[in-house]
Structures are given as structure tokens and as C-alpha cells.
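Spelled out from the first residue to the last, the chains are:
2 protein chains.
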Amino acid sequence: MDLFMKCAIEEAEAGLQEGGIPIGSVLVRNGRIVGRGRNRRVQCNDPILHAEIDCLRNAGRIGSYAGCTLYSTLMPCYLCAGAIVQFGIGKVVAGESTNFSGAREFLESHGVEVLDLDLDVCKAMMGTFIEKHPELWYEDIGDL
Amino acid sequence: MDLFMKCAIEEAEAGLQEGGIPIGSVLVRNGRIVGRGRNRRVQCNDPILHAEIDCLRNAGRIGSYAGCTLYSTLMPCYLCAGAIVQFGIGKVVAGESTNFSGAREFLESHGVEVLDLDLDVCKAMMGTFIEKHPELWYEDIGDL
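Chains D and V, in that order, are what the protein sequence lines are. All residue numbers for the first sequence refer to full-length UniProt numbering, where the first residue is 1 and numbers rise by one. All residue numbers for the second sequence refer to full-length UniProt numbering, where the first residue is 1 and numbers rise by one.
Read the hints as simulated data drawn from the structure, not as lab findings. Worth double-checking, as some hints may not be accurate.
Listed next, with one range per pair, are the computed distances between beta-carbon atoms [said to hold, decoys possible]: (1) V:N45 - D:N30: 21 to 29 Å; (2) V:D120 - D:I33: 29 to 37 Å; (3) D:D143 - V:C44: 26 to 34 Å; (4) V:G127 - D:D120: 46 to 54 Å; (5) V:D120 - D:G90: 32 to 40 Å; (6) D:G19 - V:D118: 43 to 51 Å; (7) D:Y138 - V:N30: 19 to 27 Å; (8) D:S64 - V:M1: 36 to 44 Å; (9) D:D120 - V:A14: 48 to 56 Å; (10) D:D120 - V:M1: 50 to 58 Å; (11) V:K91 - D:L136: 34 to 42 Å.
Derived list of chain V stretches under chain D, where covered just means 3 residues or more per stretch with a C-beta under 8 Å from a C-beta of chain D [what the hints assert, rightly or not]: (12) 39-48; (13) 73-80; (14) 84-96; (15) 113-119.
Going by beta-carbon spacing under 8 Å, a handful of chain D positions derived as facing chain V [what the hints assert, rightly or not]: (16) I53; (17) Y78; (18) A81; (19) G142.
Glycine included, every Cβ here is placed at the ideal spot set by N, Cα and C.
Use the sequences and the hints to build the structure in full.
Okay, here's the thing in C-alpha cells:
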């Protein structure tokens with residue numbers, strides 16, 4: 001499997017161990033990881049800490065995002081897609097979009113290249129979580 | 001002036017005093033302030049702490065955002081507009097959109113009501129800051 005997606009999955013698994021929503025993310029610039037993060041809504045009691053946002057935060061103030069690719073185990077929602085578009089991140093690689101279709105059209109309409117790896121491991125992890133904790137998942141995507 | 005916009009301006013002014021980018025935000029639900037925040041990129045060295053994101057974070061996990069209005073001294077960018085759309089916040093009141101046109105069309109295309117107060121005090125504060133610190137402003141909106 002893609003090494004960077006493997007790291008994003010590790011982040012998601014760590015989040016699950018902590019009692020959180022299992023979504024992980026990695027920011028790559030010119031072939032090097034410059035940030036990684038995971039959804040920490042539950043762990044930090046913080047509604048804006050989606051995996052991609054946590055990842056961008058951990059990457060810090062890196063200046064231009066030219067040459068960056070953002071990996072996420074799940075297709076980004078509008079919050080995270082908005083960050084990607086605003087910061088000029090050119091490419092997104094998602095683990096799956098079966099459990100959540102996200103904001104792919106919005107990303108593409110702003111010139112972001114989107115690749116959906118459609119990975120069974122990501123689909124199973126997220127699908128099981130949503131089945132067990134629907135209240136946390138629907139809170140996370142503002143669908144209450 | 002609108003009391004809630006006055007509070008958002010107070011947040012922006014506090015940010016300026018701290019050496020930060022002067023943008024403030026307030027979240028109102030059913031006529032009551034449930035969160036307030038300001039851009040803290042500089043203060044916290046955090047690229048995702050736009051004013052609206054800081055405000056949503058400070059509001060915490062409030063459940064449904066039905067009946068919420070987000071005030072901001074400046075028209076929200078795609079990051080913040082993405083949060084507004086994803087969380088289902090129905091209305092945005094902006095202090096101005098002269099210094100930054102933001103993501104108004106995106107918000108409106110997703111059914112968010114947008115009101116631009118076009119306030120001189122907001123335009124002057126932001127315009128002066130951009131003139132003095134263009135590098136911080138263009139970093140904040142990912143335009144490097």
C-alpha cells in the first residue's frame with residue numbers, strides 16, 4: 001500500500017485506541033511528511049479538530065503549500081476541503097468515500113486533483129465505527 | 001451598531017493588541033453569544049486558527065448549529081465558509097468584504113444567508129493591517 005496512506009491509517013487506528021473517531025491524515029511536501037494528525041473531537045472535546053485540520057495544525061506555518069498532497073483515510077468534508085482550497089493544496093488522496101462522499105466535487109471544481117483509493121481497510125474501520133457510534137459520527141459532520 | 005458585531009470588533013482589536021491579525025468572530029444562537037474568538041495565527045503560531053475557527057472551537061461541542069449566526073469582522077474565506085456549510089450554520093454577518101471578498105458565493109450557493117455590513121471601522125482596521133504587514137496577511141489566506 002501507499003506508504004503515506006499507511007501512515008494516515010496508523011493515525012486513524014491511534015485515534016480509535018483513544019476512543020476517538022478513526023480518521024487519520026498526513027501532509028506530504030515533495031515526497032516528505034511535514035505533518036500528521038487525526039480526528040480528535042472526542043479526545044480534545046474540540047469540534048474543529050477533524051483529521052485534516054489537526055494535520056495542518058501539526059504541520060505548522062510551513063509557508064507556501066505548493067507541491068503538497070494531503071492524505072486522508074476518508075474523503076474530506078467541506079471544512080477540510082475549504083482549508084485545502086484556501087491554502088492552495090494541489091492534491092488529495094482519500095482512503096475511501098463509501099462511508100462519506102465528502103466534498104470531492106467542490107475540491108475538483110477548484111482545481112484540486114482528487115484520488116480515491118477505495119481501500120477495504122479504510123471502509124471497514126469507518127463503517128464499523130459509524131455502526132457502533134452513530135451519534136459521534138453525525139455530530140462530527142454537523143448532521144444532527 | 002449591531003451588538004454582536006461590536007463584540008466581534010472587540011475580539012479583532014484584542015488580536016491586534018497581541019500582535020495578531022485583526023479579525024474577530026462571534027457565534028450567536030437564538031440571540032445569545034455561545035462562542036467568540038479571533039485570528040490567532042501569530043499568537044499561537046497556528047495556521048488554522050482563523051477567527052471563525054477559533055470562535056467555533058471556543059463554543060465547543062454545542063450539538064446542532066440550527067438557529068446559529070456567525071459574525072465576523074471580515075467576509076469568511078473558504079476554510080471558514082467550509083466549516084459554516086459543513087456544520088449547517090444558517091447565517092453569516094460580515095463586517096466588510098472590501099479588503100477580502102472571501103467565499104460569499106460558495107456560502108450562498110449552499111443556502112447560507114450572508115449579510116455584509118460594509119463597516120468603515122472594519123475596513124480601516126483590516127486595510128491598515130494589510131498595508132503594514134502584507135506578509136502575515138498573504139500567509140493567512142494561503143496566497144504566498
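Going through the hints against the structure:
Look at N45 of chain V against N30 of chain D: about 22 Å separates their beta carbons, and that is inside 21 to 29 Å. Taken as a hint, the range 29 to 37 Å is violated for the pair D120 of chain V and I33 of chain D, whose Cβ atoms sit roughly 46 Å apart. Distance hint check for D143 of chain D and C44 of chain V: the Cβ-Cβ separation is about 29 Å, which falls inside the suggested range of 26 to 34 Å. Distance hint for G127 of chain V and D120 of chain D: a CB-CB separation of about 53 Å, consistent with the stated range 46 to 54 Å.
Remark: the range hint 32 to 40 Å for D120 of chain V to G90 of chain D is upheld by a beta-carbon distance near 38 Å. In this structure the hint that G19 of chain D and D118 of chain V lie 43 to 51 Å apart at CB holds, the actual value being about 46 Å. Checked against the given bound of 19 to 27 Å, the beta carbons of Y138 of chain D and N30 of chain V, roughly 21 Å apart, stay inside it. Hint check: S64 of chain D to M1 of chain V, Cβ distance near 38 Å, so the stated range 36 to 44 Å holds.
The hinted range of 48 to 56 Å is satisfied by D120 of chain D and A14 of chain V, whose Cβ atoms lie roughly 49 Å apart. Distance hint check: the CB atoms of D120 of chain D and M1 of chain V are about 56 Å apart, consistent with the given range 50 to 58 Å. Between K91 of chain V and L136 of chain D, the C-beta spacing of about 27 Å breaks the proposed range 34 to 42 Å. For the segment 39-48 of chain V, the proposed coverage by chain D is satisfied: 5 residues have a C-beta within less than 8 Å of a C-beta in that chain, meeting the threshold of three.
Residues of the segment 73-80 of chain V with a Cβ under 8 Å from some Cβ of chain D number 4, which satisfies the need for three, so the listed coverage holds. Evaluation of the coverage hint for the segment 84-96 of chain V: fulfilled, as 4 residues show C-beta separations to chain D shorter than 8 Å, against a requirement of three. Evaluation of the coverage hint for the segment 113-119 of chain V: breached, as 0 residues show C-beta separations to chain D shorter than 8 Å, against a requirement of three. With a least beta-carbon distance of about 5 Å to chain V, the hint placing I53 of chain D at the interface is held under the 8 Å criterion.
Nearest Cβ of chain V to the Cβ of Y78 of chain D: about 4 Å, under the 8 Å cut. The hint holds. Interface hint at A81 of chain D: satisfied, since its Cβ lies 6 Å from the closest Cβ of chain V, which is below the 8 Å cut-off. Restraint check, G142 of chain D versus chain V: the minimum CB separation of about 4 Å is within 8 Å; hint holds.
Of the numbered hints stated above, those contradicted by the structure are hints 2, 11 and 15, listed in ascending order.
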